[in-house]
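In the order they appear, the protein sequences are chains F and U. Sequential numbering of the first sequence, starting at 24, is according to our numbering. Sequential numbering of the second sequence, starting at 3, is according to our numbering.
Be careful, since some hints might not be right.
A short, non-exhaustive set of chain F residues, derived as facing chain U with CB atoms under 7 Å [said to hold, decoys possible]:
| hint | residue |
| --- | --- |
| 1 | I85 |
| 2 | A87 |
| 3 | A224 |
| 4 | G226 |
| 5 | A242 |
| 6 | V246 |
| 7 | L258 |
| 8 | G260 |
| 9 | T262 |
| 10 | S333 |
| 11 | G340 |
| 12 | G528 |
| 13 | V570 |
| 14 | D578 |
Anything over 12 Å on all C-beta distances counts as not near chain U; from chain F, calculated [to be verified]:
| hint | residue |
| --- | --- |
| 15 | L290 |
| 16 | E524 |
| 17 | T573 |
| 18 | A576 |
Covered by chain F, according to a simulated footprint, are these stretches of chain U (three or more residues, beta-carbon under 8 Å) [to be verified]:
| hint | segment |
| --- | --- |
| 19 | 34-44 |
| 20 | 108-114 |
| 21 | 130-139 |
| 22 | 187-199 |
Just so you know, these hints were derived from the structure itself, not from any lab. Given the structure is predicted, the values throughout are model-derived calculations rather than measurements. Beta carbons are placed, not taken as given, at the ideal position from N, Cα and C, and that holds for glycine.
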Amino acid sequence: MPRRILALLLLALVVLPVQARTTTARIERVEASGVLLRDVVVRLRWPPGAASGELQVAAARIDAADFGYHFERVRWQCPLARTAQGHWRCEGPLRAGDHAPMRLALDLSSATTDAELARGAARITLQRTSAAPDATRLELSRVPLAWAQALVAQAWAAGRLTGGTLQGPVLIETPAARPLRVDARLVLSALALESQDGSIAVGDLGARLRVDYRQPTGAAALVAIDGTLDGGELLYGNTYVALAGAPVQVRLDLMQRAGGGWDVPRLSWDDGDALSLDGSAALAGDGALHRLDVAARSRRLDALPARYLSGWLGLAGLADLGLSGAAEAAVRTGAGGLATVEARFEGVSLRDPRERFRIEGLEGDLRYAREGSVDSELRWRRGQLYGLRFDAIRLPLRSDAGTLRLREPATLAMLGGQVSLEGFTLRPAQGDAGLRAGFGLGIDSLDLGALSKALGWPEFGGTLSGRIPSARYADERLDFDGGLSIQAFDGRIDVDALSMERPFGVAPTLSADLALHDLDLLRITEVFDFGSITGRLHGRIDGLRLVDWTATAFDAELHTERRRGTRQRISQRAVQDISSVGDASFVTSLQGRLIGLFDDFGYQSIGIACRLENEVCRMSGLHSAGNGFTIVEGAGVPKLQVVGFNRDVDWPTLLERLAAVAKGDVSPVVD
Amino acid sequence: MRRLIGMPILIALALCACVTINVYFPAAEAREAARQFVEKVIGDEAQPSQPAPATTPNGGGMVQRELRFDPLALIGIGSAYAQEQPDITIRTPAIQAIQARMEQRFNGTLRPHFDSGALGFGQDGLVVVRDASALAIKDRVAVNAAVADDNRDRKAVYREIAVANGHPEWENQIRDVFARQWVASARAGWWYQQGGDWKQK
């Protein structure tokens, strides 16, 4: 078209009388190759006898609607001359609106049209031949990606290109009866783009891509992208992908949907052993994932956290999770969330960097389906939970109508005894409902010595048994029905009303009610190195609440009960320990210093209570004694009575004193 | 606090079982405790004690609640006890540990993003990523994780403060009090959510 206008102008110059040196053509509308120019004015001024004329072309508006480009007040001015080869050539500044000027060079011959558009180092050259009038060949060189913003906005309205350059050939075909087609082999450097809300972003991405774009008239666009990504980072919602180090092969077929959004009939991602994906997906107009059907495989799970999972692990508070082994998974999601998962694990190990848990040698399948019923089985070789080691387990699972259950009870060797897991059910988070799990626990003869050692307590013998017919996990809270029974110190401790909050989260808490039955006081005092007291201890610790494994509240009452054949004696050292811990003072029938003369004393009963609240332990004893309360009521001669006077005791101080007693570095003041 | 004169508590307890009484949620103490907590996390730069912003529904924030039976209140210990040890306190080691961690995280990671407007205080007492595009992509991931960590800590604090006071059902009020306090203690230029909209202080 420009050639024809130019030819007309030149003809006019030749035909018109010599003194008329300027010709002007006004054209309301010029349409070519999907580009529409309006109110075009072409003016050619050719001084008589001069070697070149001056060409001015202006258009009020240029629209390339298919590509999303619109320009206003476009002006181009250049010296027009005929070259030795008989081409018309013109090169000069091109201005559009208030944009920075570019340089446009045009070279016309009867067979070819060559154009070059440049600004700084960026350059686009265009070639057309009269032999193939529907094909336009572009060559891009260091073209800022921002120039493609309008094109991107066509496909993804919320997308913003913020950096990067393009290089490579682009072939545009605009045959009259067939779809518009763009075939590009592009090298992208330092690509940066971003969605309006910042939830999707690409930074510093390098890529070599072949892009095939077809736009049938009045129908949806088709895009095929095939190539290699090299370096850079991608963010999609909470998924963060860091690509540095190894190139990734990608293949993406996209089909624009009528109502906005894209179907992705083919999606392939090959990142070597770290991760390969194959599948299909559907994206909404804002880039959100509507549907995903993908098979993923990783032969090196250890590469996943840094390259792919850091976003999710950070959110879950599991940053730096140690992963190894291999796994593959087929995942299908639909409108209602997760539809099916089929996963297979080979030699997988998980290790929490904060040592809350560890699982080694995870093998087998895990299948989940929101509808219908599928079976699978998982096994692991050993593991550890908060310092407690456990052995191999086999978990035969069944997914039934969206709930994962254990097909038969599973047993696990732990701490010299056995733990059996019964009736386990798990319902993944769906819609607004969070993850819910339930299970029953049978605990048989766990060794308390090993348990106390693992938890860093003073070591004491005994066994832990019990049955928890049902435990439920929901909303970060684990509740246990039933109770545990601890056989220790020749007696029994019953644990009821057990519950945990945030079991793997911030400041995990454990609540329970404890009932103590007929414990041998001598063994207790030996374990805790608290002098020696003979007798039988009974009592309750209600409303015990441990936060981060530290007691923050309880209501405890402990007392001795006389039993046939058991002597009730308290050693001098124990008396002194009690006095130093309980801040007690002696009220005896003898002088305090006389106490040192006796190794031990008989007693009638011992009782102490503490209600811990807000770091204050409110103490009481057997009964009130004047301003204080009696802790030890002596018997025989000398009759010993230990009376406490401070009722509100600072709990941290009390713990310090207890720890000092256990270390044996107290010297109580005896009045 | 110490040396409270001994009393025949057991007898008193026996006398007064099965009585339900109404007490009032100690809003003033909660606000004060929240202020101390928040100022410690955000830092001690300026910001004199100031009342919660106009978002307070009824000014005082007093909420009448029916609480579980507290026999100490009946036998006269309650008031003295309450004066010496306000019902809302944040003294347990676990909460102090969380507070220290939050302070560290706030200064180490979150503060510059409050300054830049990327983060804001939500009206539920949590931190919200307001404008992710203000962050570099890599930072976005780290900040998302820090925000998730901080919000986990916040939820635990609100819950544990309620439980430590023997009133787990106060969790929501405590969360509200804190939500207002984060806003009240926010520096000028930081963003906060009010009625679903973002406002800049």
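Subject >> Non-interface claim for T573 of chain F, where every Cβ of chain U lies beyond 12 Å >> reply: violated (6 Å)
**OP:** Over 12 Å to the closest beta carbon of chain U is the bar; see if E524 of chain F clears it.
**Re:** At about 7 Å from chain U, E524 of chain F fails to clear the 12 Å cut-off, so the statement is violated.
Original post:
Holds or violated: is the Cβ of A242 of chain F closer than 7 Å to a Cβ in chain U?
Top reply: At 34 Å from the nearest chain U Cβ, A242 of chain F fails the 7 Å test, so the hint is violated.
Original post:
When you look at the beta carbon of L290 of chain F, is every beta carbon of chain U farther off than 12 Å?
Top reply: holds (22 Å)
Original post:
Can the hint on S333 of chain F be confirmed by a CB-to-CB distance to chain U that is less than 7 Å?
Top reply: holds (6 Å)
Original post:
Any CB of chain U closer than 7 Å to the CB of L258 of chain F?
Top reply: Holds: closest Cβ of chain U sits about 5 Å from L258 of chain F, inside 7 Å.
**OP:** May I ask you to test the interface hint for G340 of chain F with respect to chain U, counting a Cβ-Cβ separation under 7 Å as satisfied?
**Re:** holds (6 Å)
**OP:** With a cut-off of 7 Å on the beta carbons, see whether A87 of chain F makes it to chain U.
**Re:** Cβ of A87 of chain F sits 29 Å from chain U, so the hint is violated.
Subject >> Hint status (Cβ of T262 of chain F to nearest Cβ of chain U, threshold 7 Å) >> reply: violated (9 Å)
**OP:** Three residues minimum, CB to CB under 8 Å: does the segment 187-199 of chain U make the cut for coverage by chain F? Let me know.
**Re:** violated (count 0)
**OP:** Beyond 12 Å from every chain U Cβ: check whether that's true for A576 of chain F.
**Re:** violated (7 Å)
Original post:
Do at least three Cβ atoms from the segment 108-114 of chain U come closer than 8 Å to Cβ atoms of chain F?
Top reply: As far as the segment 108-114 of chain U goes, the hint is violated, because 0 residues have Cβ atoms under 8 Å from chain F.
Taken one by one, the earlier hints fail for this structure at numbers 1, 2, 5, 6, 8, 9, 14, 16, 17, 18, 19, 20, 22, listed in ascending order.
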